[in-house]
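> Residue numbers (UniProt numbering), protein chains in the order written: chain A, 1 to 390; chain B, 1 to 641.
Any given hint might turn out to be false.
Covered stretches of chain A, as calculated for chain B (at least 3 residues, CB under 8 Å) [to be verified]:
{"hint": "1", "region": "149 to 159"}
{"hint": "2", "region": "210 to 217"}
{"hint": "3", "region": "257 to 266"}
Derived DEER-like restraints, expressed as beta-carbon distance ranges [as the list claims (entries may be wrong)]:
{"hint": "4", "chain 1": "A", "residue 1": "169", "chain 2": "B", "residue 2": "329", "range": "28 to 34 Å"}
{"hint": "5", "chain 1": "A", "residue 1": "91", "chain 2": "B", "residue 2": "219", "range": "56 to 62 Å"}
{"hint": "6", "chain 1": "A", "residue 1": "229", "chain 2": "B", "residue 2": "403", "range": "49 to 55 Å"}
{"hint": "7", "chain 1": "A", "residue 1": "160", "chain 2": "B", "residue 2": "209", "range": "32 to 38 Å"}
{"hint": "8", "chain 1": "B", "residue 1": "594", "chain 2": "A", "residue 2": "272", "range": "44 to 50 Å"}
{"hint": "9", "chain 1": "B", "residue 1": "274", "chain 2": "A", "residue 2": "306", "range": "54 to 60 Å"}
{"hint": "10", "chain 1": "B", "residue 1": "594", "chain 2": "A", "residue 2": "306", "range": "28 to 34 Å"}
{"hint": "11", "chain 1": "B", "residue 1": "606", "chain 2": "A", "residue 2": "276", "range": "47 to 53 Å"}
{"hint": "12", "chain 1": "B", "residue 1": "15", "chain 2": "A", "residue 2": "27", "range": "52 to 58 Å"}
{"hint": "13", "chain 1": "A", "residue 1": "145", "chain 2": "B", "residue 2": "219", "range": "46 to 52 Å"}
{"hint": "14", "chain 1": "B", "residue 1": "274", "chain 2": "A", "residue 2": "251", "range": "40 to 46 Å"}
{"hint": "15", "chain 1": "B", "residue 1": "567", "chain 2": "A", "residue 2": "263", "range": "24 to 30 Å"}
Pulled a few chain B residues facing chain A out of the computed Cβ check, cut under 10 Å [to be verified]:
{"hint": "16", "residue": "390"}
{"hint": "17", "residue": "395"}
{"hint": "18", "residue": "398"}
{"hint": "19", "residue": "400"}
{"hint": "20", "residue": "402"}
{"hint": "21", "residue": "404"}
{"hint": "22", "residue": "406"}
Note that these hints are calculated values from the structure, not bench results. Note that the Cβ used here is the ideal one computed from N, Cα and C, for glycine as well.
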Amino acid sequence: MHSHANEGVSPGSTEGKIRCIFLSEFHATAGCKISCQVPENYISKEVFDAINVYIIPKQHLQRCILTVNAMEVKIVGYPVGIQDQQKYARNAFLFNLCFVCDSRARSVQYEPVVKKLSEYLIMMEEESCFLSREDDKLRLQKIFETVLRDLNERKVATIVEGDNTIYLKIVMHKPDPPPVKDHMVPLLLANLRDTPLENWDLTTQQILPYINGINHVARIAAEADVETDLVKSCIQNLVYYGVVQLLPILKYSNVYMTQNLKNLIQSTALSNACRKYVALQPDKILPSIQRIFQFYASMTHGVTLRAICQRLNPQNKNIDERKMVIFGLQHKFIRCIQKYPVFTGSVPSGRQKMYTGLISFDEICCKTGLSPFTIEKDIEKDTNVTVIWK
Amino acid sequence: MEVNPLAVILAYFDSKGDRLLYRYPYHTLGQTHKLEEPREELVNKKRNPFAVTHTDDLLQTPTQQSQNQQSAGQLQGFADDVLSALFAVKPQLCNQKFELKLNDVRFVSHPTLISSASTVQVNAGNSQALAAGSSIAAAGAVKKQQMLINIVFALHAQASYSIVKCYHELSKRLGLALKFEEQRSGYLTEQTALMARTHDEQQQQQQPLERTLELIAERCTLAQALRSICNDLCTTGLLSTTLNQNLTLTFCLPAKAHQLHKKGSMVDPETIDRCLRALKPYHGMLLLVDFAELLDCVPPTGARMLWQLVDAYNPLISLQSMASNADLSIEHVYKLVSHLVYWAKATIIYPLCETNVYVIAPDAPLHTRSHLVEKFSTRFAGMSLFEVISDFSLPTSIGHLTTPLQQPARQGMLAQMVLWMLQHHLLMQLHTYVQFMPSDVDDKFEDSASCAHVAAGNLTEEEQDSNHTEDETMSRVADEDPMHGGSMLSMSSQPLPMPVNSHRRHMTDDHFSVASDNIAVQPSSSHKSNFSMTASMSTDNCDSLDSMEDEQKLKELLQVFNDADRAAIRRIPASLNLDDLSLLVKLYQMGYFKSEHHLEEIMYFENLRRSQLLQLLDKFRDVLILYETEDPAIASMYNNK
Numbered sequence: 001m002h003s004h005a006n007e008g009v010s011p012g013s014t015e016g017k018i019r020c021i022f023l024s025e026f027h028a029t030a031g032c033k034i035s036c037q038v039p040e041n042y043i044s045k046e047v048f049d050a051i052n053v054y055i056i057p058k059q060h061l062q063r064c065i066l067t068v069n070a071m072e073v074k075i076v077g078y079p080v081g082i083q084d085q086q087k088y089a090r091n092a093f094l095f096n097l098c099f100v101c102d103s104r105a106r107s108v109q110y111e112p113v114v115k116k117l118s119e120y121l122i123m124m125e126e127e128s129c130f131l132s133r134e135d136d137k138l139r140l141q142k143i144f145e146t147v148l149r150d151l152n153e154r155k156v157a158t159i160v161e162g163d164n165t166i167y168l169k170i171v172m173h174k175p176d177p178p179p180v181k182d183h184m185v186p187l188l189l190a191n192l193r194d195t196p197l198e199n200w201d202l203t204t205q206q207i208l209p210y211i212n213g214i215n216h217v218a219r220i221a222a223e224a225d226v227e228t229d230l231v232k233s234c235i236q237n238l239v240y241y242g243v244v245q246l247l248p249i250l251k252y253s254n255v256y257m258t259q260n261l262k263n264l265i266q267s268t269a270l271s272n273a274c275r276k277y278v279a280l281q282p283d284k285i286l287p288s289i290q291r292i293f294q295f296y297a298s299m300t301h302g303v304t305l306r307a308i309c310q311r312l313n314p315q316n317k318n319i320d321e322r323k324m325v326i327f328g329l330q331h332k333f334i335r336c337i338q339k340y341p342v343f344t345g346s347v348p349s350g351r352q353k354m355y356t357g358l359i360s361f362d363e364i365c366c367k368t369g370l371s372p373f374t375i376e377k378d379i380e381k382d383t384n385v386t387v388i389w390k
Numbered sequence: 001m002e003v004n005p006l007a008v009i010l011a012y013f014d015s016k017g018d019r020l021l022y023r024y025p026y027h028t029l030g031q032t033h034k035l036e037e038p039r040e041e042l043v044n045k046k047r048n049p050f051a052v053t054h055t056d057d058l059l060q061t062p063t064q065q066s067q068n069q070q071s072a073g074q075l076q077g078f079a080d081d082v083l084s085a086l087f088a089v090k091p092q093l094c095n096q097k098f099e100l101k102l103n104d105v106r107f108v109s110h111p112t113l114i115s116s117a118s119t120v121q122v123n124a125g126n127s128q129a130l131a132a133g134s135s136i137a138a139a140g141a142v143k144k145q146q147m148l149i150n151i152v153f154a155l156h157a158q159a160s161y162s163i164v165k166c167y168h169e170l171s172k173r174l175g176l177a178l179k180f181e182e183q184r185s186g187y188l189t190e191q192t193a194l195m196a197r198t199h200d201e202q203q204q205q206q207q208p209l210e211r212t213l214e215l216i217a218e219r220c221t222l223a224q225a226l227r228s229i230c231n232d233l234c235t236t237g238l239l240s241t242t243l244n245q246n247l248t249l250t251f252c253l254p255a256k257a258h259q260l261h262k263k264g265s266m267v268d269p270e271t272i273d274r275c276l277r278a279l280k281p282y283h284g285m286l287l288l289v290d291f292a293e294l295l296d297c298v299p300p301t302g303a304r305m306l307w308q309l310v311d312a313y314n315p316l317i318s319l320q321s322m323a324s325n326a327d328l329s330i331e332h333v334y335k336l337v338s339h340l341v342y343w344a345k346a347t348i349i350y351p352l353c354e355t356n357v358y359v360i361a362p363d364a365p366l367h368t369r370s371h372l373v374e375k376f377s378t379r380f381a382g383m384s385l386f387e388v389i390s391d392f393s394l395p396t397s398i399g400h401l402t403t404p405l406q407q408p409a410r411q412g413m414l415a416q417m418v419l420w421m422l423q424h425h426l427l428m429q430l431h432t433y434v435q436f437m438p439s440d441v442d443d444k445f446e447d448s449a450s451c452a453h454v455a456a457g458n459l460t461e462e463e464q465d466s467n468h469t470e471d472e473t474m475s476r477v478a479d480e481d482p483m484h485g486g487s488m489l490s491m492s493s494q495p496l497p498m499p500v501n502s503h504r505r506h507m508t509d510d511h512f513s514v515a516s517d518n519i520a521v522q523p524s525s526s527h528k529s530n531f532s533m534t535a536s537m538s539t540d541n542c543d544s545l546d547s548m549e550d551e552q553k554l555k556e557l558l559q560v561f562n563d564a565d566r567a568a569i570r571r572i573p574a575s576l577n578l579d580d581l582s583l584l585v586k587l588y589q590m591g592y593f594k595s596e597h598h599l600e601e602i603m604y605f606e607n608l609r610r611s612q613l614l615q616l617l618d619k620f621r622d623v624l625i626l627y628e629t630e631d632p633a634i635a636s637m638y639n640n641k
C-alpha cells in the first residue's frame with residue numbers, strides 16, 4: 001500500500017531522469033544477478049529478487065521492450081539471449097540492460113536508447129565476449145557512468161570503447177502537431193537565428209527568413225517561392241520540435257480575450273521578459289508592467305485591437321502592440337476570439353458551403369482569397385448566415 | 001480510443017501453480033495486435049516525415065528488421081501461459097500497484113493476496129461453506145493457506161498516467177471485494193475451482209480456447225461480472241456490478257464518463273479534483289442528467305442524503321442555500337456535489353441570475369452537423385440554437401436579453417435555454433477580477449495631460465477647487481467608527497446629492513469604462529455618488545479635534561501601502577474619505593485585489609452589495625485595473641483551445 005503514500009504530491013506523470021543503469025545476467029551457477037550497477041546498490045537485493053522474473057524473462061519475451069513498474073521503481077529493460085553452444089556453459093547467455101527511473105516518471109523516451117545500447121552490447125559480446133568475461137566489469141561500469149551522466153545532462157552520449165563508438169540520444173515522443181493551415185502564422189520561439197543557416201534543411205533555409213510572427217503561411221510560401229504544401233509540412237515539423245509556435249493572424253480588427261492574466265504579474269521573470277520583448281525601442285526606458293497589464297486587461301470580447309490602440313496609444317509609451325499581442329498569445333495570457341459564420345438555411349450554395357461553423361473567418365478569407373471586408377459584406381447581406389464568436 | 005481497456009484478465013496463483021482463468025474479450029490478444037500493428041507503424045512513420053532512414057547505420061538496420069519479424073511472429077499471441085506466469089507475481093509485489101508494459105500494451109493491476117476461506121473452515125471446524133471447498137478436495141487438491149488473485153487490465157501503452165491510476169484503483173477494489181466475499185462465503189474458492197475445472201474438461205475434449213472461455217462465462221458469475229465490467233468500461237465508463245449477488249461495486253472512469261456529455265473531451269480526475277478543491281459556498285450546481293439517472297451512481301445506502309439534496313436542488317441558488325434548504329451541513333453538500341461532478345452527473349456553475357455574464361465557450365462544438373442543433377430544437381420547439389447562441393457572441397447577461405416589458409414566461413424560457421447551453425458546455429461565464437496596480441508618476445502625468453486634452457481647460461481649476469472643498473469637508477468628518485461597514489450601509493439610505501467631483505468623473509468615464517461596462521447592473525453614472533462623503537457634508541457639528549484624529553487614521557490606513565503606492569493613492573480624491581479608504585484598505589489587506597477573486601466572491605465574503613463594491617472600485621480606478629475573464633476553477637473543466 002505504500003505506493004500510494006506520495007500520490008498526492010504532484011498529479012500526473014513527470015519527465016524523470018535516469019536514476020540508475022544496471023546489467024543483469026543469468027549466471028550459470030548463481031542464477032539471476034545484477035553484475036554491474038551504477039550507482040551501486042540502487043536496486044536493492046530485495047527489490048531485485050521480487051522482480052527478477054521480469055528482468056530475465058522466459059524466451060518468448062526476449063527482445064521486446066519490457067517495462068516493469070513496481071516497488072517504487074520503474075525499470076525499462078530489453079531482455080536478450082545469445083545462443084552459442086561453444087561459448088557458454090548453459091548454451092546461451094541471457095542478459096538485460098536496464099534503465100531505472102522513478103515510478104512516476106515517464107520512460108517511453110528511454111526505450112529506444114535501452115534497445116540501442118543493448119544492441120551495441122550484443123555486438124561487443126559476440127565479438128569479444130565483452131560481457132561474459134568476468135574481469136571486464138570495470139570497463140562496463142565506466143560506460144554506464146558516462147551514459148548516465150551524459151544522458152541526464154545533455155540527452156546525448158558518445159562513448160568510445162575499444163574499436164566501437166557508441167552514440168546515444170534521447171528523443172522525446174510528442175503527439176503529432178495539428179495540421180498547418182494557410183492562415184496560420186508561425187512564430188520562431190527559441191533564439192535560432194544564431195544557428196548557421198546551412199544547418200537547416202533546404203526548405204527551412206528558404207522559408208526561415210520569412211518567419212517573423214507576422215507573415216502567415218500562404219504569404220511565406222508566396223514570398224519564399226516555395227510550394228505551400230512543402231511550407232506547411234516544414235512548419236509542422238518545426239512545430240513538432242518546439243521551434244515554432246502557430247498563432248492566429250494578427251489584424252487590427254481582431255478581438256482578444258484574457259486568460260490567466262495574473263501569471264504575468266505573479267512571475268517577475270515573465271514580466272521582465274515581457275517588458276523587454278514588447279518595447280518599441282529597446283534602448284529607451286522599458287514600458288512599465290502596469291502599462292502592459294492595463295493593455296492586456298482592456299482586451300475583452302467586443303473590443304478590437306484597433307480600439308484599444310486608439311484609446312491607450314501604446315506607441316507613445318514605447319510599446320509595440322504587435323509584439324505585445326504576440327507575447328500574450330505565445331504565453332497564453334490572451335487568446336484570439338475567432339469569428340465563425342454558420343449557414344442556417346436549408347440548402348447552401350456557393351460560398352455558403354463554407355459556413356459550417358467549423359471554418360473560421362480567417363480561413364475563409366485565405367481560402368477564397370477575398371478580403372475580409374468582402375466576406376463581411378457578403379455575410380451581412382445573407383439572412384441565412386449567423387456569425388458566432390468564440 | 002486509448003481510454004478503453006483492451007482486455008480484462010483474471011490470473012490466479014496458488015500452491016498448485018499459476019493459471020489464467022478467464023479473460024475477456026475472447027479472441028487472443030495477438031489479434032488486437034494484428035489490428036494495431038499497421039496503425040502503429042503508420043503513426044511511427046508519420047511521426048517525423050522528414051527523418052532520413054539511417055541506411056548507413058549498420059548497427060540499427062538489420063536488427064530493426066529482425067525486430068519487426070519477431071514482433072510479428074512472437075508477440076502476435078501472448079500465449080495465455082506466458083501471461084499467467086507474468087501475472088503470478090511474487091508475494092513481495094502483492095497488495096500494491098503493479099504495472100507492466102510489453103511493447104505497446106500496458107498491463108495494470110493490483111495483485112491481491114487472499115487467505116482461502118477453506119483453511120479458515122478447517123480451523124473453525126465443519127460448516128456449510130465447506131461444500132465449496134469440497135469440490136477442490138474432490139479434485140484431489142491440497143488445502144492451501146493463501147491464494148493470489150490478479151485482475152489485470154490491458155491498456156494501450158499511450159494511456160495517460162491518470163487513466164492507468166483509475167484502472168489500478170478498479171483492480172484494487174475488485175480485489176478487495178473478492179477478498180471480502182471469499183471470507184464471507186468462500187466465493188472465490190468456488191468460482192476459481194469451477195473455472196479451473198472447466199478449463200481441464202475442455203482441454204481434454206480439445207475444444208478451442210474461445211469456446212472454453214464462453215463456457216466459463218456461462219457457468220461462473222465472476223466471469224460474467226468481469227465481462228460486464230469490461231463492456232461497461234468500453235461503453236459508458238460507469239459501472240455498478242454486484243458480486244455474488246451481495247456486494248455492489250460502483251466505479252466511474254471519469255475520462256470516459258465525461259465524454260457522454262461532451263464528445264472528445266478528456267477530463268482526468270486531477271482536473272476534477274482541482275475544480276472541486278476550489279469549491280466555495282457561493283457556487284451552484286447544475287445537474288446534467290434526469291433525477292432518475294442520479295441513483296445509478298450511489299449505492300442504495302447513500303441514497304437518502306442524495307434525495308435530500310436533490311429535493312432542494314435549484315440551479316438558481318448557491319450551495320450554501322441548498323445546504324440550508326436541505327438541512328445538510330455544507331461539508332456534506334460539498335461531498336455530495338463532488339461525487340456527482342466526478343460521476344459526470346452534475347457540473348459546477350455560479351448560480352444562475354440576471355447579472356451573470358455569459359459568452360460562447362471557446363471549444364463549443366457549434367457547427368451545422370452537430371447533433372446539438374437538433375437536440376436543441378426538439379427541446380425548445382421552434383427555436384434555433386444558432387440564433388439563440390449568437391446573442392452570446394458578445395458577453396451578455398440574461399438581464400440584457402430581456403426587457404421588463406416582455407412576459408415573464410419569455411425570461412423563464414431564456415433561463416431554461418441558458419441552463420441547457422451550460423449543461424452542454426456551450427456557454428461559459430465571465431467574471432470581473434480586480435488587480436491593484438498604481439501607475440507610475442510619469443504615466444500619471446501623461447494621463448492627466450490626455451484628460452486635459454479631452455476636457456475643457458477649466459477642469460484643472462475645478463479639480464483644485466473640488467480638492468479644496470473636499471479637504472474642508474474631510475476635516476469635518478464625524479467621528480464614526482471607520483472600520484464598520486455597517487455605518488456605511490445605514491448611511492446609504494440617506495438622500496444623495498451630487499458630489500462635487502462627479503463632474504470630472506463623467507469626463508473620464510469613457511476613458512476607463514472598458515473593463516466595467518460589461519457588468520450587467522452597472523449603476524448609471526449619475527448614481528455613482530459618494531454617499532459617505534455626502535454624509536460627512538450633511539453633518540454640521542464637528543470640531544478640529546476630530547479632524548486631527550481622522551487625519552491620523554488616514555495616515556495609519558495608508559501605512560499598509562509602500563511609498564510609491566501610497567503616493568498614487570493620495571492623488572485620488574476619494575482617499576481623503578475615511579470610509580472609502582478604510583474599505584479599500586480592508587479589501588486590499590484581504591488580498592482581493594490580486595486577480596484571484598472575482599467580484600461575486602468579494603461580495604459574498606465581505607457581505608457587500610454589487611453597487612457598493614462597484615462604486616468603491618470606480619472611485620479608486622486609477623490604482624485598480626478591472627478585467628473580465630473566466631473563473632479558472634470552473635474553466636478547467638472546459639477544454640481550452
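> State for each hint whether it applies.
Against the structure, the hints:
1. 149 to 159: violated (count 0)
2. 210 to 217: violated (count 0)
3. 257 to 266: holds (count 7)
4. 169/A <-> 329/B: 28 to 34 Å: violated (58 Å)
5. 91/A <-> 219/B: 56 to 62 Å: violated (45 Å)
6. 229/A <-> 403/B: 49 to 55 Å: Given about 53 Å between the Cβ atoms, the range holds.
7. 160/A <-> 209/B: 32 to 38 Å: At 52 Å between Cβs, range violated.
8. 594/B <-> 272/A: 44 to 50 Å: violated (19 Å)
9. 274/B <-> 306/A: 54 to 60 Å: violated (37 Å)
10. 594/B <-> 306/A: 28 to 34 Å: holds (31 Å)
11. 606/B <-> 276/A: 47 to 53 Å: This hint is violated: roughly 38 Å between Cβ atoms.
12. 15/B <-> 27/A: 52 to 58 Å: 28 Å Cβ-Cβ, so the 52 to 58 Å window is violated.
13. 145/A <-> 219/B: 46 to 52 Å: violated (58 Å)
14. 274/B <-> 251/A: 40 to 46 Å: Roughly 35 Å apart at Cβ, these two residues miss the hinted range, so it is violated.
15. 567/B <-> 263/A: 24 to 30 Å: Since the Cβ atoms of residue 567/B and residue 263/A sit about 28 Å apart, the hinted range of 24 to 30 Å holds.
16. 390: The hint holds - residue 390/B has a Cβ within 10 Å of chain A, the shortest such distance being about 5 Å.
17. 395: holds (5 Å)
18. 398: violated (17 Å)
19. 400: Cβ of residue 400/B sits 13 Å from chain A, so the hint is violated.
20. 402: Violated. Min distance 20 Å.
21. 404: violated (24 Å)
22. 406: violated (22 Å)
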